[in-house]
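Using the sequences and the accompanying hints, generate a full structural model.
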Amino acid sequence: MTLNENGELRNPNEKVSNAEYSKVVLRTSFHIKKEKLKVYYAADVDAINSSKFFPLN
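Counting from 1, position 9 in the sequence shown corresponds to residue 9 in the numbering used here; the numbering is continuous, with no gaps.
Treat the hints as calculated values from the structure; they're not laboratory data. Small disclaimer: the values here were computed from a predicted structure and weren't measured. Treat each hint with caution, since some may be false.
For each label pair, taking beta carbons as the anchor points, the in silico distance ranges come out as [to be verified]:
(1) 34 <-> 10: 47 to 53 Å
(2) 25 <-> 4: 22 to 28 Å
(3) 43 <-> 4: 40 to 46 Å
(4) 30 <-> 6: 51 to 57 Å
(5) 6 <-> 33: 51 to 57 Å
The beta-carbon is built from N, C-alpha and C at its ideal position, and this holds for glycine as well.
In structure tokens form, the structure reads like this:
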């Protein structure tokens, strides 16, 4: 996500595009008394921050 099609770092001032994104799967476990609860969560992840820039720094 932070590299362009040539494998170079993106310019942090380039326009944001939502045409590309990555997926991530998170997992965790909770132990409650003698029981174990496993939680899996899948999400789409965009590599921009709240200022609409790619977070390269």
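To see whether the hints hold, each was checked on the structure:
{"no.": "1", "hint": "34 <-> 10: 47 to 53 Å", "in the structure": "holds, 49 Å"}
{"no.": "2", "hint": "25 <-> 4: 22 to 28 Å", "in the structure": "holds, 25 Å"}
{"no.": "3", "hint": "43 <-> 4: 40 to 46 Å", "in the structure": "violated, 23 Å"}
{"no.": "4", "hint": "30 <-> 6: 51 to 57 Å", "in the structure": "violated, 44 Å"}
{"no.": "5", "hint": "6 <-> 33: 51 to 57 Å", "in the structure": "holds, 54 Å"}
When the structure is compared with the earlier hints, violations turn up for hints 3, 4 and for no others.
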